[in-house]
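Sequence lines, in order, name chains D and C. Residues 1 to 113, numbered by the working numbering, are exactly what the first sequence covers, in order. Residues 114 to 224, numbered by the working numbering, are exactly what the second sequence covers, in order.
These are computed hints drawn from the structure, not numbers from a lab. Worth double-checking, as some hints may not be accurate.
Stated by the list, open to error - What follows is a list of derived Cβ distance ranges for each label pair: (1) Q165(C) to L111(D): 41 to 47 Å; (2) S67(D) to E129(C): 44 to 50 Å; (3) D65(D) to S179(C): 30 to 36 Å; (4) S67(D) to L164(C): 30 to 36 Å.
Glycine is no exception: its CB is placed at the ideal position from the N, C-alpha and C atoms.
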Amino acid sequence: GGIITQTPKFLIGQEGQKLTLKCQQNFNHDTMYWYRQDSGKGLRLIYYSITENDLQKGDLSEGYDASREKKSSFSLTVTSAQKNEMAVFLCASSATGLQDTQYFGPGTRLLVL
Amino acid sequence: DAKTTQPDSMESTEGETVHLPCSHATISGNEYIYWYRQVPLQGPEYVTHGLQQNTTNSMAFLAIASDRKSSTLILPHVSLRDAAVYHCIRMNNNAGAKLTFGGGTRLTVRP
Chain D
1 GGIITQTPKF LIGQEGQKLT LKCQQNFNHD TMYWYRQDSG KGLRLIYYSI
51 TENDLQKGDL SEGYDASREK KSSFSLTVTS AQKNEMAVFL CASSATGLQD
101 TQYFGPGTRL LVL
Chain C
114 DAKTTQPDSM ESTEGETVHL PCSHATISGN EYIYWYRQVP LQGPEYVTHG
164 LQQNTTNSMA FLAIASDRKS STLILPHVSL RDAAVYHCIR MNNNAGAKLT
214 FGGGTRLTVR P
């Protein structure tokens with residue numbers, strides 16, 4: 001088995017601030033994802049990466065940057081936090097190939113004051 | 114849009130076997146049926162998945178209709194820990210395929 005670690009667990013930011021969220025996985029998976037989940041709603045894909053240094057935009061990439069520094073880590077940056085924004089950011093990973101089961105981390109909870 | 118239809122909520126009692134239905138009438142031949150569950154303050158947890166044949170693991174049994182237009186997640190002898198929102202998802206088998214969650218079914222388990 002493996003584990004996905006997300007840091008920080010909770011993040012409080014100011015309007016306009018640049019905020020970075022980090023994700024680490026030890027599954028040795030090739031593909032990693034960043035999703036956003038708003039209260040009571042489903043998941044929306046922000047970015048994903050199929051290998052080190054690769055980056056693919058999802059449906060919600062505007063306002064975010066991402067970086068796949070190495071196979072085990074994937075970072076997400078909120079380029080300019082929006083006032084009163086509140087959401088959970090979920091990192092996931094999957095092996096490359098067929099039946100890409102995605103395994104999730106515990107999430108980072110963002111609140112912008 | 115890869116949509117599925119699930120009841121908003123279901124209730125059960127500890128020890129019962131729960132059948133969670135999911136309709137996916139327009140599913141494509143290369144789409145798998147995935148089930149995840151999520152409890153508050155945690156990320157989604159993988160439960161099981163299948164393509165055509167029924168599947169079983171330590172968590173659940175997945176029964177897939179022969180025409181693949183519906184499926185049922187069967188949770189034997191539920192405990193309080195099984196209370197969660199259960200999401201039924203269609204997903205193709207390409208790398209980078211995104212998960213799209215709908216509202217899911219909120220399962221309540223009574224002691």
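Now the hints, each set against the structure:
{"no.": "1", "hint": "Q165(C) to L111(D): 41 to 47 Å", "result": "44 Å, holds"}
{"no.": "2", "hint": "S67(D) to E129(C): 44 to 50 Å", "result": "47 Å, holds"}
{"no.": "3", "hint": "D65(D) to S179(C): 30 to 36 Å", "result": "46 Å, violated"}
{"no.": "4", "hint": "S67(D) to L164(C): 30 to 36 Å", "result": "34 Å, holds"}
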